[in-house]
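**Student:** This is what each chain is made of:
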Amino acid sequence: MSAAEVHMALAGRRQREGRRVVLALGGLVALVFCLVFLTLSCGRGCLAPADLMAALLGHEDAPGFIVNDLRLPRAALSLVTGLCFGLGGVAFQVMLRNPLASPDIIGISASAGAAAVFAIVILSFDGWVVSAVAVVSGLVVVVMIWALSSRRGAAGARLILIGIGVSAMLDSVTAYVLLEAPAWDRAEAMRWLTGSVNGAQMGQVWPVLGALVVFGGLLAAVSRDLDILRLGDDAAQALGVRADGTRLRVTVAAVGLVAFATSAAGPISFVAFLSGPIAARVMGPSRGLLPAAGLIGAVLVLAGDYVGQFMLPYRLPVGVVTGAVGAPFLLYLIVRTNRNGGTI
Amino acid sequence: MTFGRSSALFGLSGGVVLVLATVFLSLVIGARSVPWAEIWQGLNGQIDSIGAAAVAVRVPRTVLAVLAGAALGISGAVMQGITRNPLADPGILGVNAGAALFVVVGIAWFNISGAATFLWLGIAGAGCAAVFVYAIGSVGQGGATPLKLTLAGTATSIAASAFIIAVVLPRNDIAGNVQAWQVGGVGGARFQTILPALPFALVGLLLSLASARILNALALGEELAAGLGQNVALGRIVAAAGAIVLCGVATALCGPIGFVGLVVPHLCRLTGGIDHRVLIPMAGLGGAVLLGLADVAGRIVARPNELDVGIVTAFVGAPFFIWTVRRHRMRGL
Numbered sequence: 001m002s003a004a005e006v007h008m009a010l011a012g013r014r015q016r017e018g019r020r021v022v023l024a025l026g027g028l029v030a031l032v033f034c035l036v037f038l039t040l041s042c043g044r045g046c047l048a049p050a051d052l053m054a055a056l057l058g059h060e061d062a063p064g065f066i067v068n069d070l071r072l073p074r075a076a077l078s079l080v081t082g083l084c085f086g087l088g089g090v091a092f093q094v095m096l097r098n099p100l101a102s103p104d105i106i107g108i109s110a111s112a113g114a115a116a117v118f119a120i121v122i123l124s125f126d127g128w129v130v131s132a133v134a135v136v137s138g139l140v141v142v143v144m145i146w147a148l149s150s151r152r153g154a155a156g157a158r159l160i161l162i163g164i165g166v167s168a169m170l171d172s173v174t175a176y177v178l179l180e181a182p183a184w185d186r187a188e189a190m191r192w193l194t195g196s197v198n199g200a201q202m203g204q205v206w207p208v209l210g211a212l213v214v215f216g217g218l219l220a221a222v223s224r225d226l227d228i229l230r231l232g233d234d235a236a237q238a239l240g241v242r243a244d245g246t247r248l249r250v251t252v253a254a255v256g257l258v259a260f261a262t263s264a265a266g267p268i269s270f271v272a273f274l275s276g277p278i279a280a281r282v283m284g285p286s287r288g289l290l291p292a293a294g295l296i297g298a299v300l301v302l303a304g305d306y307v308g309q310f311m312l313p314y315r316l317p318v319g320v321v322t323g324a325v326g327a328p329f330l331l332y333l334i335v336r337t338n339r340n341g342g343t344i
Numbered sequence: 001m002t003f004g005r006s007s008a009l010f011g012l013s014g015g016v017v018l019v020l021a022t023v024f025l026s027l028v029i030g031a032r033s034v035p036w037a038e039i040w041q042g043l044n045g046q047i048d049s050i051g052a053a054a055v056a057v058r059v060p061r062t063v064l065a066v067l068a069g070a071a072l073g074i075s076g077a078v079m080q081g082i083t084r085n086p087l088a089d090p091g092i093l094g095v096n097a098g099a100a101l102f103v104v105v106g107i108a109w110f111n112i113s114g115a116a117t118f119l120w121l122g123i124a125g126a127g128c129a130a131v132f133v134y135a136i137g138s139v140g141q142g143g144a145t146p147l148k149l150t151l152a153g154t155a156t157s158i159a160a161s162a163f164i165i166a167v168v169l170p171r172n173d174i175a176g177n178v179q180a181w182q183v184g185g186v187g188g189a190r191f192q193t194i195l196p197a198l199p200f201a202l203v204g205l206l207l208s209l210a211s212a213r214i215l216n217a218l219a220l221g222e223e224l225a226a227g228l229g230q231n232v233a234l235g236r237i238v239a240a241a242g243a244i245v246l247c248g249v250a251t252a253l254c255g256p257i258g259f260v261g262l263v264v265p266h267l268c269r270l271t272g273g274i275d276h277r278v279l280i281p282m283a284g285l286g287g288a289v290l291l292g293l294a295d296v297a298g299r300i301v302a303r304p305n306e307l308d309v310g311i312v313t314a315f316v317g318a319p320f321f322i323w324t325v326r327r328h329r330m331r332g333l
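Sequence lines, in order, name chains A and B.
Quick note: the first sequence, position 231, residue 231 per this note's numbering, numbers continuous.
Quick note: the second sequence, position 279, residue 279 per this note's numbering, numbers continuous.
Extracted from the complex, chain A is given alone in its bound form (with noise of 0.2 Å):
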């Protein structure tokens, strides 16, 4: 083969590589949409199109308070929670080069959790000052996670297992505060203990979606190092990547992303850990895993939120439903990662 056909088939290859991403994030986009509108028409009793347009635009004889008091604030809460825990999860998994080494998995879930409701309960905070805390907390856990963990040898199963110990003792600093809680509400507390996105407001939308934008740029730009840092510390130093602050930039902006998604809805269990490994199913070794990855913690909140409301016997909150499909996923990654040693 000449030189000009071998740049010719790596174009083509590009081309077609290129063309696989925007479709893959085209089917994506669309999958979210499709369960916005589903979570915005269909409740209850089903809307027809045209209602719900008309209720949306704020027409007089829609039905407007079901629509824009109900269920939008809860598709658009369950939309940017499930962009941050998907984008904030995937950065880690990346960073570390494993799959297991999700926020949820670790600890940082937990600390934003257990801060939240510390500053709620016993410090009556509230609105953007909660979230201050709670990503302050996860900031504070993963330093001493990293700390912990650094040592000679098989950094990654120490920083995993030191994670979820330090998981379990946050869980019960969460158990403790909500048995301290004066009005001891079982909604509130399912909330910090599993994740739900019920009786949302937009005024819970609005910091979510800053961060969203804030710290989801943040991980934009540092994307391509990030990518670059997959193949290892030494490779990424030789192409002129620095490792440690591409690192730093990258934990700051997955703790903020989770974080901020914690303290209005909870730890939803296992969305951060779920969506990367999927997101790497769709795309294949193409790149556009960041974004995918954000898009499935999207689909598995709207979904989870969804199934949880309508399609079970009783309605539970999201947390419970996204629990029961991630553990058995986790068992089968752990089976999956024994036979073949491989990372995500």
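Think of the hints as simulated: they come from the structure by calculation, not from any bench.
Mixed in with the good hints, there may be bad ones.
[To be verified] Here chain B is said to cover these stretches of chain A; the calculated rule only asks that three of the stretch's residues, wherever they fall, bring their Cβ under 8 Å from a Cβ of chain B:
(1) 157-166
(2) 189-196
(3) 322-333
Glycine is no exception: its CB is placed at the ideal position from the N, C-alpha and C atoms.
The hints should help you fit chain B onto chain A, whose structure is shown.
**Tutor:** Frame of chain A, contents of chain B only:
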């Protein structure tokens, strides 16, 4: 092995003294301060004053804490011996969660009540979860490494708690009971519920003690144990049955309590050597002390409220877990 008979005896008698001290503290200290005279009255069954009545309630509670602590400590020691895994613990391996799931399903779907049925359900659930987690954790090369077992246990716990929530949430009538039971508490102890558990606990204790020699041989490695003439498979089954019965009983009585089975055997190994014939009884005494003290601490730190014992043990145990992970070289996935 490395320690002589006299030092083992010393360790065991020290353990007994500590258990007695724990019992004393647990009877005397509570959310309410009670003068000595009333404590004495309460212990004699005269519940004329509020203080004496409070002390009378502390008696079954103390018995339960000591019993459950001993069961969890022994079960942890045996599990660590069978799996040769320093992180084995009924809570971390998901065995408690399995027992809890079975008990909750029994309450919610089959209207089961009565302490004896809870015990059977707890033991059955613990058994299923243990077999499942071990099977998942030992797939593939390298056998059951600490990381694989821990992850399989974590996944099983999360799945079990998702199902527990799904079962309990629609049932307002039982939700309060299950919630209180699930955090892990000895607060509501009564002798009527403790007595039926005693035969089960005794069976578990005997099975565990009977497997001590095989666990000693297993510590040298599986091939060597077989070479020494031990029936490894049978020994493992006996030992596992003992551990499962004990942990199922403890969970049925006071809900899933984590980390006692992890912390206690390590501490006992530091003080009493590694011979399982000594380690198992020591772990029983140590578990009784740890859970008893955790219960006392829970009554003091959050006065006038009480902190459930499961929360206290998680607070003490999780840092210990991390310390253990740091101390050992972990094989990766």
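**Student:** State for each hint whether it applies.
**Tutor:** How the hints compare with the structure:
| no. | hint | result |
| --- | --- | --- |
| 1 | 157-166 | holds (count 8) |
| 2 | 189-196 | holds (count 3) |
| 3 | 322-333 | holds (count 7) |
When the structure is compared with the earlier hints, no violation turns up for any of them.
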